[in-house]
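Number of protein chains: 2
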Amino acid sequence: MMPLNGNEGIALYAQVREAIREQITSGKLKPGERLLPEEELAILMGASRMTVRRGILDLIDEGVLYRRRGVGTFIAHRHIDRHHNRLTGYFESAAEEGFVPRIEVLLREITGATLMVARALNLREDEPIVRVRTLRLADDQPLAVHDEHVSYRLYPDILDAGIETRQLWELLSERGDPVRRAVQRVEARLAEDEIARLLGVEEGAPILYKLRTVYSEDGRPVEFAICYNRGDRYSLTTTLTR
Amino acid sequence: MMPLNGNEGIALYAQVREAIREQITSGKLKPGERLLPEEELAILMGASRMTVRRGILDLIDEGVLYRRRGVGTFIAHRHIDRHHNRLTGYFESAAEEGFVPRIEVLLREITGATLMVARALNLREDEPIVRVRTLRLADDQPLAVHDEHVSYRLYPDILDAGIETRQLWELLSERGDPVRRAVQRVEARLAEDEIARLLGVEEGAPILYKLRTVYSEDGRPVEFAICYNRGDRYSLTTTLTR
DNA sequence: GAGTGGTCTAGACCACCCG
DNA sequence: GGGTGGTCTAGACCACTCG
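Top to bottom, those sequences are chains A and B. Letter 154 of the first sequence, counting from 1, is numbered 153 in numbering that gives the first Met the number 0, and no numbers are missing. Letter 16 of the second sequence, counting from 1, is numbered 15 in numbering that gives the first Met the number 0, and no numbers are missing.
Derived by calculation from the structure, the hints in this document are not laboratory data. Owing to the predicted nature of the structure, the values given are computational and were not obtained by experimental measurement. All clues stand as given, with none of them false.
One copy or two, either will do: identical chains are not told apart, so a pair holds if it fits within one copy or between any two.
Taking lysine to aspartate or glutamate pairs in the EDC-like style, the calculated list, with each CA pair at most 20 angstroms apart, reads: (1) K29 <-> D57; (2) K29 <-> E39; (3) K27 <-> D217; (4) K29 <-> D217; (5) K29 <-> D60; (6) K29 <-> E216.
Sequences are here, hints too, so could you generate the full structure?
Below, the structure is given as structure tokens:
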């Protein structure tokens, strides 16, 4: 472990974190081996113990390291294990997973909130909302139908903003409501007439049905989506921690 | 915000965190309002700024607070928003969600790893594994069929340990491999003959199909499960963060 | 008892945002 | 320019684990 070279503009704890990560990915530190104690790392890297510690804690959070009190900090096996709980847009996901994304707008309207939508968005029933129904295609094959809802009062001009090529909440971010987290629930269902037709599957084909509420930084719900995903082409991965 | 009373044995930052949380849940601090600056809180609560900060950061992680650089720390709306990414056992979940859990062991055997199992557990194909198939019931209604797999070499005596009433990985924890995280993938599928019969549904009924690999603290995969969940009774909730 | 991580302090300087 | 959070320091004491 060498002293850190002066990467100016990057926080020291981040440099510590990446230096340790580099030692692992380069194979100088192997799974199961013990990391040097915080104190020694601090001296070697020319940082305070608290700073080294912060870098280490980041890596523990990622599952790259683990520690046992009174014993030491160790390199975990299988640090391939990414977090799968990042909120990403359709185009981002496509870039990561390597497919060509396309979105077709099937419907856009201003209508009254159903009870389910109203509850999710913290509105009263029948309050005006913008509803956009889109078909999402991956490599030109239908993947999902989304029904997205936002409050019309909060975002009266959202329909003019190029929904064809952007995820709705990317637009919301630019309007001063940066989305920060989402809660989604999935179920298995069967395709019914219209959804089956749109997705190009038989009626009774399996559908991963997903309800997603997206919250802005300040904790307000800003978007609610009902998603019908083709069971044969769509799966969802999650990381759980104890 | 009062000075902390001497709750001995509890870390000061945790007391800070809970004191702030209490101010929010009791309504003394309302959504959208600004929290006192770190410096002032430190003085009021009789702790150092770094300690107060740590408590605040915990709450930000939970989505209870949010902050803007150079501006302040604010109380988020809707702090109902729990993290849904906690790895819990069937009996824990039942206690939280309020149903009566029951597990019936359908099959237990020592067999060779299929390719899928071997890949997940980092073994070679045909290496001996313990396989346990269980039926999980909620309020005496079938909910899911699980096929759980662990390495026979690592846990030769796992079959003697009361799988009927315990989740497999709870036993693993007691054997010195505390489970720490899991990665699971879900898809929608249709029930086929045997699974349909076991779950008490028609063939072609929707099934939430889940593959779950559970990792121990040190990052080794310790358990791999294939789960068939009844689509009409089972849903899965996840929190995503940006 | 020696070594480790867990907590905590009382400062400090900086970057950012606002009026 | 004044207030905020973001980073960083150089110590300190404690709790836990292990031989």
